[in-house]
Every structure is written in structure tokens, then in C-alpha cells.
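There are 2 protein chains.
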Amino acid sequence: MAEEVILLDVWASSFGMRVRIALREMGVEFDLREEDLSNKSPLLLKMNPVNKKIPVLIHNGKPVCESLLIVQYIDETWGHESPLLPSNPYERARVRFWADYADKKIYPAVRAVFLSMGEDQEAAKKENIECWKVLEGELGDKAYFGGERFGYADVSLIPFYSWLYALETLADSNIVEEFPKMASWAKRCMQRESVAKSLPDQHKLRDYIMEHRKKLQAQ
Amino acid sequence: MAEEVILLDVWASSFGMRVRIALREMGVEFDLREEDLSNKSPLLLKMNPVNKKIPVLIHNGKPVCESLLIVQYIDETWGHESPLLPSNPYERARVRFWADYADKKIYPAVRAVFLSMGEDQEAAKKENIECWKVLEGELGDKAYFGGERFGYADVSLIPFYSWLYALETLADSNIVEEFPKMASWAKRCMQRESVAKSLPDQHKLRDYIMEHRKKLQAQ
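Residue numbers (my numbering), protein chains in the order written: chain E, 23 to 241; chain R, 23 to 241.
Next comes chain E alone, as it looks inside the complex (with noise of 0.2 Å):
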């Protein structure tokens, strides 16, 4: 039977991002269907019917949902020859970490500086900035956050490294110069087809998050 393989996606969000970017590392051909979230597909409530959230990947039927588990899920699935995360159980843990950290750290630390505006803005612009400081530091002198190999941890946070653009013209900040081995990384992930075709062009990703941002604001 040929594999089915369905992806429940919205183009601009972080977590779909990710998703892409590991099929496509394992070359595993996909459907891709764009979720309007303000009027969901009966599909996703159907899928997810606990979350309700995208991305939601489908494969010959069955639903995997949480960014994070999809990618672990993928990794499982197709990534035996070449894999995400590394085989030994330690450096398991310390790439599911900064994985964590994307979701836990940058991810808040990002849309609080999106959301706010004046005095609220200033103190989540300092908090964003401490939050990349920990990722260079870590990431140090390696190609990667693995290693030598592109896997796990780069997958999960490069999709946020993208909204540092939109940041930068919002929060009038130079964050993507503060930190040059980020800077470097990024380049380095951008170079893989991958990631290239994964993630939106910065201008359309800006436009989009402002529009975005003025809405929730009037709310």
C-alpha cells in the first residue's frame, strides 16, 4: 500500500514550520492542506479533537498532533539511515532539552514582545534577549546544537530564529547582530533545502505577524 501521509498546517506558524522541515529531511512526500483557524476544518476537529490545534500530521489515517511529537514521531518512523536525534541516551535528553526550551522559553519570550507595546514592550524585549543569550552560549563554537549534524534541537527552534526578522522592524532592536553564532547557525540551516522550502519568505512572515498583531490588540 502506498503511504498516505497528510499535513494539517497553517504556513505561518513556528510549530508547523518544524514539521515540514523534518518530512522533508527524510523525504517522505506529503500532502500539505492550509488550515483557516478561524473556521477549522472538520478533518483537524476530527484529529485533534482534544487540542484542536495545528500541526497535525496524518499518516495512512492515524493522527499524530504536537509539534514536538510529530518530529520524534517522524524521526521514528522514516529516520532510521539518517536520524534527527542521536542514539546515545544522554545526548537524547540534552537535545530534547533545548527543544523544551524553544517551547517553554523562546516561544513565550517571542510573543510577548509581538503583543505588548511601551513599558510592557521594553520589559519583554530584555527578556527575549536573555532567553537568545542562553542559545549562544550553548551553542558556542558547534555547527550545530547536536553537533556536527543538523538534527533535533536545530528543527525545533530555527522555525522561532525566523521571526527575529519581524522583531527587528517591530522592536526597532538589532538582535539578529547580537548574537553571531546564531546568526551563523541560521545561515548554516538555510543552506539545507529542508529548511529553505519550510519556512516562509520574511516579508510575507512580517506583513502577516503586524496584521496579526494589530488585530489581537483591538481586542
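By construction, these hints were calculated from the structure, which means they are not laboratory data.
A couple of the hints might just be wrong.
Note that identical chains are pooled: a pair holds if it fits in a single copy or bridges any two copies.
To be verified - Straight line, CA to CA, 25 Å or less: simulated SDA-like cross-link-like pairs of lysine to any residue:
#1 Lys155 - Tyr166
#2 Lys236 - Asp122
#3 Lys127 - Leu91
#4 Lys126 - Trp33
#5 Lys147 - Lys236
#6 Lys226 - Val27
#7 Lys147 - Arg55
#8 Lys84 - Pro111
#9 Lys155 - Met69
#10 Lys147 - Gly83
#11 Lys164 - Gly140
#12 Lys68 - Tyr112
#13 Lys74 - Glu158
#14 Lys84 - Glu160
#15 Lys203 - Asp53
#16 Lys126 - Leu59
Assemble the complex: chain E is given as a structure, and chain R must be docked to it using the hints.
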């Protein structure tokens, strides 16, 4: 070389309980070191400089942080004969989803009931019941969340269930009776030595939580 396994922990922490259960499931001997969170030890700050939180597992001098990542590390290091996670990638994603649900839904819902008062608490109680209802439905007629065997999702969820007794006292609810399948599941879990030894006495936990609540509300 003999293995050195140290766990930095706090007895009342649901996150710490997960790690204790997993270590005991594997028959790993460990040195349990109680932390005072108002005066964190230099070892904790050194071993978890990013989050500065318990639990931290230190295995032969190397730290592993974040409870779900620690449980997976324990499984990958000592679980070859009787693993906590299933081997099938889809089943792995499924049990990981419910462990993730414990962190993203159950923990905030339980916490909100404890920290709120009056009308806010009524709303928090309703939300909390909705969260547990999802688990009751998912468990269905299975013995454990993964099926016939006690495993990763159970390890992740049972410490939060142990908080429900304190919640009943506080919120005058009968949440335990309301979900009979979860109640039977919890009894099955508690019959395991690993679980019984790792969860604190309910009365002691309730007193601690009530005291903690007063302090937080006073702030």
C-alpha cells in the same frame, strides 16, 4: 565503575514523583536529595543553570533536567528489559501526547483551583473537571493509558491524580467519585511498589498544599 545516581527533588513535587516512580520501576538505586526551593543548593544551580528547577537527575556526574525528559532518559538507559514506552512509533506518540497533556492541561488546571478563590475558583473547578473528563474518556476500559501494561503516560499522570484528594477538601468537590474509571486506574497504579513508595501521604500533602496556598495568596 559503580553507577552514581543522584536525584535533586522536593517531596511534594508531582514532577519529582514521576522520576522517583520511573527509577523504582527500573530498580535503580538513587541518592534522593531534598532541596529547599527558598534556598536552592549550589549543586542544583550548577546542574540546572537554565531553569534552576527540580527535579534534576545526576547520573555519573551528568545532569538531566525536565521530568518528562528524565523519565525518557531513565527508560532509554535502564529500560531495555521492561520499557515504559512502547516500541511502535505511533503508540509512542500516543503515550507522549497524554504525558504532554498532563503538563499543558492538567497541571495548570489543578494549580488554578488551588490558587483561586470565590467565583474564579468556581470557573477553575469547572475547567479542571473538563480536563479530567477527557482522561476518563481516553482511559475507557483499558487497564492503563498505554493498554495492558503500566507505562510512560501513567507515570506522567498519577502524581497529579494524587493531588485530587487535597482538591476535594479545598473545593468541596467529589471529583474522585465523578470519574470511576480513573479511580480504578489510580488504585491499580498505587498497588505498584514503585508508585506507593513515591507518592507522599495524602494528609501530609494536603496540609502542605494548604499552607503553600496561604503563602501564595498572601503575596
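Problem - Indices of hints not satisfied (ascending) - result: Failing hints, ascending: 2, 6, 7, 10, 11, 15.
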